[in-house]
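Trainee: Residue numbers (my numbering), protein chains in the order written: chain C, 10 to 123; chain D, 11 to 122.
Read the hints as simulated data drawn from the structure, not as lab findings.
Keep in mind the model is a prediction, meaning the values are calculated, not measured.
No residue lacks a Cβ here, since even glycine has one placed at the ideal position from N, Cα and C.
Be a bit skeptical, because a hint or two may be false.
Pair ranges (Cβ atoms, derived) [claimed, not checked]:
hint, chain 1, residue 1, chain 2, residue 2, range
1, D, THR119, C, GLN31, 31 to 37 Å
2, C, PRO70, D, LYS25, 39 to 45 Å
3, C, VAL97, D, ASN74, 40 to 46 Å
4, C, MET28, D, ASP72, 25 to 31 Å
5, C, ARG86, D, PRO17, 31 to 37 Å
6, C, GLY62, D, GLY76, 40 to 46 Å
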Amino acid sequence: NAGVTQTPKFQVLKTGQSMTLQCAQDMNHEYMSWYRQDPGMGLRLIHYSVGAGITDQGEVPNGYNVSRSTTEDFPLRLLSAAPSQTSVYFCASSNLRGYTGELFFGEGSRLTVL
Amino acid sequence: AQRVTQPEKLLSVFKGAPVELKCNYSYSGSPELFWYVQYSRQRLQLLLRHISRESIKGFTADLNKGETSFHLKKPFAQEEDSAMYYCALRSISNFGNEKLTFGTGTRLTIIP
Numbered sequence: 010n011a012g013v014t015q016t017p018k019f020q021v022l023k024t025g026q027s028m029t030l031q032c033a034q035d036m037n038h039e040y041m042s043w044y045r046q047d048p049g050m051g052l053r054l055i056h057y058s059v060g061a062g063i064t065d066q067g068e069v070p071n072g073y074n075v076s077r078s079t080t081e082d083f084p085l086r087l088l089s090a091a092p093s094q095t096s097v098y099f100c101a102s103s104n105l106r107g108y109t110g111e112l113f114f115g116e117g118s119r120l121t122v123l
Numbered sequence: 011a012q013r014v015t016q017p018e019k020l021l022s023v024f025k026g027a028p029v030e031l032k033c034n035y036s037y038s039g040s041p042e043l044f045w046y047v048q049y050s051r052q053r054l055q056l057l058l059r060h061i062s063r064e065s066i067k068g069f070t071a072d073l074n075k076g077e078t079s080f081h082l083k084k085p086f087a088q089e090e091d092s093a094m095y096y097c098a099l100r101s102i103s104n105f106g107n108e109k110l111t112f113g114t115g116t117r118l119t120i121i122p
């Protein structure tokens with residue numbers, strides 16, 4: 010049982026490049042989300058999903074796209090990277106049935122945009 | 011809109027001294043609050059939730075609706091408590107979707 014798996018762990022991009030951060034969970038969780046962690050800003054919600062085919066915006070969605078075609082996967086796409094998107098990105102999931110409020114986090118993906 | 015405030019970015023406490031990490035929230039609905047912790051080189055993980063009224067690793071937190079606070083306390087700090095602590099608030103969006111809003115975090119350092 011791997012839990013929440015994020016790839017890649019590290020990535021360097023040039024301004025304007027595109028990339029996808031992958032997130033997969035094997036716990037059959039309905040809820041999946043993406044956060045970015047910046048010094049002094051804490052964790053800010055980018056996008057989230059409560060099930061396959063359902064996504065919603067969080068606090069800082071601009072510049073990011075998501076889709077949820079399966080329960081297991083929730084990729085985060087940067088269409089045209091900007092230096093302001095340099096951050097550590099965390100994917101997290103939880104079980105909405107019998108909800109306890111506990112989010113299970115991935116190890117994080119450190120992205121640098123030059 | 012919901013908001014979580016952690017006023018201290020950094021907190022240093024001597025080993026054996028009491029610890030209090032502050033958290034205040036604003037939310038129009040019925041609040042559900044959590045503390046998450048991130049130890050060095052580990053994943054962010056749930057420490058405790060207010061509805062459980064539990065003590066985890068010696069930490070407790072009481073929800074005070076009058077003061078809209080959910081401060082995290084421990085009577086005697088230990089070196090292994092050094093970590094980043096986040097307070098979080100569960101809310102329901104206008105579309106009925108679940109969200110967890112985090113504060114900016116407090117880095118706790120225990121001085122030996």
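Trainee: All hints, please: hold or fail.
Mentor: Cross-check of the supplied hints:
Between THR119 of chain D and GLN31 of chain C the beta carbon distance is about 34 Å. The supplied range of 31 to 37 Å therefore holds. Against the hinted window of 39 to 45 Å, the Cβ-Cβ separation of PRO70 of chain C and LYS25 of chain D comes to about 43 Å, which satisfies the hint. Remark: the range hint 40 to 46 Å for VAL97 of chain C to ASN74 of chain D is contradicted by a beta-carbon distance near 32 Å. Judged by the Cβ atoms, the range 25 to 31 Å given for MET28 of chain C and ASP72 of chain D is violated: they are separated by roughly 44 Å.
With their beta carbons about 35 Å apart, ARG86 of chain C and PRO17 of chain D fall inside the hinted range of 31 to 37 Å. For GLY62 of chain C and GLY76 of chain D, the Cβ-Cβ distance of about 42 Å falls inside the hinted range of 40 to 46 Å, so the restraint holds.
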